[in-house]
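**Q** Residue numbers (the numbering used here), protein chains in the order written: chain X, 1 to 115; chain G, 1 to 113.
Among these hints, one or two may not hold up.
[As the list claims (entries may be wrong)] Result set (DSS-like, lysine-lysine): computed pairs, CA atoms no more than 27 angstroms apart in a straight line: (1) G:K57 - G:K68; (2) G:K58 - G:K5; (3) X:K1 - G:K5; (4) X:K57 - G:K42; (5) G:K42 - G:K58; (6) G:K68 - G:K58; (7) G:K15 - G:K58; (8) X:K13 - G:K42; (9) G:K15 - G:K57; (10) G:K15 - X:K57; (11) G:K5 - G:K57; (12) G:K58 - G:K71; (13) G:K15 - G:K42; (14) G:K5 - G:K42; (15) G:K5 - X:K57.
[Stated by the list, open to error] Which residues of chain X face chain G? A partial, calculated answer using Cβ under 10 angstroms: (16) S22; (17) I26; (18) G28; (19) F45; (20) F47; (21) E48; (22) F50.
Honestly, the hints are just simulated from the structure, not real lab data. A quick note: this is a predicted structure, and the numbers were derived from the prediction, not measured. Glycine included, C-beta positions come from ideal geometry on N, C-alpha and C.
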Amino acid sequence: KAGVTQTPRYLIKTRGQQVTLSCSPISGHRSVSWYQQTPGQGLQFLFEYFSETQRNKGNFPGRFSGRQFSNSRSEMNVSTLELGDSALYLCASSPDRGLSTDTQYFGPGTRLTVL
Amino acid sequence: QQQVKQSPQSLIVQKGGISIINCAYENTAFDYFPWYQQFPGKGPALLIAIRPDVSEKKEGRFTISFNKSAKQFSLHIMDSQPGDSATYFCAASWPNTGNQFYFGTGTSLTVIP
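Next up, chain X with everything else stripped away, as it sits in the complex (with noise of 0.2 angstroms):
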């Protein structure tokens, strides 16, 4: 099976500017979810999406949004960038099994820079 797969792998914006970015989870994977990963902050939670719908919401500005498609493929926006804004944006798939443990699997990430 093909790994959760991120595109693109790198980007670089100017602050005022807006940025999506993509992510193809498993096949099979229902849940998709964000993370923003910075040094100083490690990983931390944006949202996650679940049967297109979002199911949780971490502590970021509603500059920070995303969706889920019918083939649970994800996509997350930021509009007005700023320059704290770049960071590694990890997305990570899950099977879901209604399992509290289930694995997430993460891509290898998109880097964004503002400049």
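Using the hints, position chain G against chain X.
**A** This is chain G only, laid out in the frame that chain X set:
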């Protein structure tokens, strides 16, 4: 507010030595505690995980020790190898909340040959 606190930030160990990384949590509702390993340029990968109903879990050279009363858990890497050099993250999640995990800030492990 960091729900899971991890230490140390970095660790250097000789080959064959024991690497120990510690995590502490506040919320007693957490019921699942995984450890992830991340190599440069890669996403984190699940290494080993534990539920609070057991005090220890071992998989090969990796062991999780769990102290429910102290709200602490740790990762022990026995016979550390240069290939173990990576960043390690502890995490925690609540039951029945889907896939929302709270991660520690990470520990950069370097194993010297």
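**Q** All the hints need checking, so say for each whether the structure fits it.
**A** Hints and how they fare:
{"no.": "1", "hint": "G:K57 - G:K68", "verdict": "14 angstroms, holds"}
{"no.": "2", "hint": "G:K58 - G:K5", "verdict": "22 angstroms, holds"}
{"no.": "3", "hint": "X:K1 - G:K5", "verdict": "34 angstroms, violated"}
{"no.": "4", "hint": "X:K57 - G:K42", "verdict": "24 angstroms, holds"}
{"no.": "5", "hint": "G:K42 - G:K58", "verdict": "25 angstroms, holds"}
{"no.": "6", "hint": "G:K68 - G:K58", "verdict": "17 angstroms, holds"}
{"no.": "7", "hint": "G:K15 - G:K58", "verdict": "20 angstroms, holds"}
{"no.": "8", "hint": "X:K13 - G:K42", "verdict": "22 angstroms, holds"}
{"no.": "9", "hint": "G:K15 - G:K57", "verdict": "23 angstroms, holds"}
{"no.": "10", "hint": "G:K15 - X:K57", "verdict": "41 angstroms, violated"}
{"no.": "11", "hint": "G:K5 - G:K57", "verdict": "21 angstroms, holds"}
{"no.": "12", "hint": "G:K58 - G:K71", "verdict": "19 angstroms, holds"}
{"no.": "13", "hint": "G:K15 - G:K42", "verdict": "23 angstroms, holds"}
{"no.": "14", "hint": "G:K5 - G:K42", "verdict": "23 angstroms, holds"}
{"no.": "15", "hint": "G:K5 - X:K57", "verdict": "21 angstroms, holds"}
{"no.": "16", "hint": "S22", "verdict": "15 angstroms, violated"}
{"no.": "17", "hint": "I26", "verdict": "12 angstroms, violated"}
{"no.": "18", "hint": "G28", "verdict": "15 angstroms, violated"}
{"no.": "19", "hint": "F45", "verdict": "5 angstroms, holds"}
{"no.": "20", "hint": "F47", "verdict": "9 angstroms, holds"}
{"no.": "21", "hint": "E48", "verdict": "5 angstroms, holds"}
{"no.": "22", "hint": "F50", "verdict": "6 angstroms, holds"}
Consistency with the previously given hints fails for numbers 3, 10, 16, 17 and 18, ordered from lowest to highest.
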